[in-house]
Every structure is written in C-alpha cells, then in structure tokens.
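Going by our numbering, the sequence shown opens with residue 129, and the numbers climb by one from there.
Think of the hints as simulated: they come from the structure by calculation, not from any bench. Certain hints may be false.
Stated by the list, open to error - Using C-beta positions, here's what the derived DEER-type ranges look like:
| # | residue 1 | residue 2 | range |
| --- | --- | --- | --- |
| 1 | S353 | D206 | 34 to 42 Å |
| 2 | D418 | I209 | 24 to 32 Å |
| 3 | N410 | N289 | 47 to 55 Å |
| 4 | T251 | R308 | 15 to 23 Å |
| 5 | G288 | E207 | 37 to 45 Å |
| 6 | D418 | R308 | 29 to 37 Å |
Even for Gly, the Cβ is constructed at its ideal location relative to N, Cα and C.
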Amino acid sequence: NPTQPNPTMRIPTIVFHLTLLVLPRVNGFVPSVPVSSRHYNEKKGGVLLFSEAPSDYDSDDIPPAIKSVSVTKLEEEDELIRDALKRELLLLASVTNRGEYASSDERDIVIDLVTQLEALNPTADPASNCQGEWDLCLSSTQFFRSSPFFLSIRSAMGDGNKAMAENGFDLHDRATTAGRVGRVRQIVGTDTLTSELDLEVGLLPGIPIKVKGTVVTVASLRPTSPEAWELKIQTTQVKGSNVPLFNQFLDDLKFELPVGDIYNSIGTVPAVSMKTYYVDENLRITRDMDDNFFVFSRV
129 NPTQPNPTMR
139 IPTIVFHLTL
149 LVLPRVNGFV
159 PSVPVSSRHY
169 NEKKGGVLLF
179 SEAPSDYDSD
189 DIPPAIKSVS
199 VTKLEEEDEL
209 IRDALKRELL
219 LLASVTNRGE
229 YASSDERDIV
239 IDLVTQLEAL
249 NPTADPASNC
259 QGEWDLCLSS
269 TQFFRSSPFF
279 LSIRSAMGDG
289 NKAMAENGFD
299 LHDRATTAGR
309 VGRVRQIVGT
319 DTLTSELDLE
329 VGLLPGIPIK
339 VKGTVVTVAS
349 LRPTSPEAWE
359 LKIQTTQVKG
369 SNVPLFNQFL
379 DDLKFELPVG
389 DIYNSIGTVP
399 AVSMKTYYVD
409 ENLRITRDMD
419 DNFFVFSRV
C-alpha cells in the first residue's frame with residue numbers, strides 16, 4: 129500500500145534517534161583528562177595512586193584508611209626485613225668476635241647486610257638522633273679506630289698520607305697483640321662524644337702480666353648534614369688501671385692529656401668527619417672518612 133510507511137525504512141531512523149540519545153550518556157564516562165596525560169605512581173599494596181586526577185575527582189572523598197594502607201603495608205614489610213637483617217648481622221658479629229675473625233665469605237656477607245640496612249634507614253636526620261650509650265658490636269677495621277683519638281690522627285695525616293697512617297695503625301695493632309681490646313663504648317650527647325676503650329696489654333711477650341685500663345677520649349660533636357658529624361678531639365685520659373700505684377697516681381692527679389691544645393699549638397685541631405647512615409632504637413651504623421664501618425648496639 130503506497131500510503132503505508134515501509135517498516136524497513138523506519139529502522140535506520142529509529143537507530144539514528146537512539147544513537148543521539150545514547151551518545152551524551154556515553155560521553156559522561158569519558159575522562160575529562162586524556163589518558164596520555166595521566167601518570168600512575170608505582171603500584172603499592174594493590175592500590176594505584178594517580179598523580180593527576182580527573183577534574184571532577186576529589187582526593188578527600190577517599191577514606192583516610194584506604195589512602196594510607198599502601199604506606200602502612202610498606203612500613204611493616206620494611207620493619208620485618210630490617211629485623212631479619214639485624215638478627216643475621218648480630219649473629220655474625222657474635223661468632224666472629226665483632227668481625228675480627230671473619231672469613232672472606234663472612235666479610236662479604238657482613239658488607240651486604242650493612243649496605244642493605246643503610247638503604248632501609250628508618251630515621252630522618254640520623255646524625256641528630258644518635259644520643260645515648262652505644263657498645264661496638266661489629267667493625268670492618270681495628271676496633272680502636274672508632275676512638276676520636278685515632279680518628280684525629282688519621283684526619284691529620286690527610287689523604288696524601290693515607291698509606292702511612294694505615295701502616296702506623298697496623299704497627300700499633302701488632303704491638304698490642306699480646307693484649308686485647310675489650311669493651312668499646314661511645315656516649316653520644318648533643319654536642320660531645322665520649323669514647324671509652326678498654327685495653328689489656330702485656331708488658332713483655334711470654335710474661336703473663338698484663339696492664340689493664342680504659343682510655344677515655346672526649347671530642348666535641350657538631351652535625352653538619354642529615355647524616356654527618358664533625359668531631360674535634362679535646363682530651364684523653366686513662367682510667368681504671370689494674371696497677372694499684374699507677375691507678376692511684378692517675379686518680380689523685382686527675383690527669384688528662386689536652387690533645388686538643390697540643391694540636392692547636394702546632395697548627396689546628398683536625399676535624400674528623402663521621403657519617404651515620406643507619407640508626408634506630410637499638411642499632412647504629414657509622415662510617416669514618418675511609419668508609420670503614422662501625423656497628424653499635426644501644427646499651
């Protein structure tokens with residue numbers, strides 16, 4: 129019938145009108161910011177964070193618990209890793225006498241553990257957060273070199289005479305092989321560092337008589353960066369000798385060697401640079417100017 133519309137001709141018309149109705153609604157789901165301009169941060173804890181959000185997006189709409197879940201999870205994982213690394217490091221320290229008798233393989237493991245811990249340092253501005261009493265539990269060099277007395281000698285020799293300084297320390301180490309270095313302690317204050325080095329030295333080879341005493345060195349301390357100190361030696365004295373007359377003599381005179389004044393009389397007091405790359409509530413890792421590391425546990 130020519131007066132009746134052809135049904136097949138109505139279908140395109142209907143589709144066209146439906147398309148016009150649907151398109152605005154589809155556009156409502158298209159991000160207002162092009163995908164190419166959106167940057168994703170690293171996926172952490174299963175949560176993807178946007179550094180640039182769509183214009184109709186408000187970060188405050190996300191509950192605080194959801195926004196912080198990835199950071200909290202990472203902190204918990206880091207703490208577990210740190211605890212495992214510290215346990216292994218302290219175990220090696222105990223079986224190698226603070227690293228003195230470590231084999232080549234054990235030394236490599238210790239270096240790796242120390243490096244990993246330094247990368248996981250949990251404390252901001254570590255150099256300014258070391259106050260307290262610390263015992264040396266591991267060292268990559270001679271124990272006595274953690275004292276400001278020997279650190280000052282090394283600093284005074286400079287980089288040009290490093291080999292000479294190393295030879296001098298080796299000679300000192302061999303000269304005291306008849307004895308031993310006992311407890312090594314550092315007391316860190318806000319502006320001073322006190323080093324206490326327990327020594328036990330044989331008088332003559334083959335004679336079972338040893339002199340004991342504690343070498344106490346005091347140095348000024350000044351943080352110069354988030355991880356660095358500048359130390360300047362002030363005094364050194366010996367306390368607690370096991371030789372009665374000598375000990376009484378020292379106690380009566382209150383004898384202190386004014387090392388700082390001696391340096392000043394021949395020039396200037398050498399500034400010693402020490403860097404702490406790791407510190408937490410019970411462990412500290414500090415390096416000297418030659419990158420030797422000293423691991424201390426809090427007393």
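Worksheet entry | Earlier hints that do not hold, by number | 1, 3, 4 and 6
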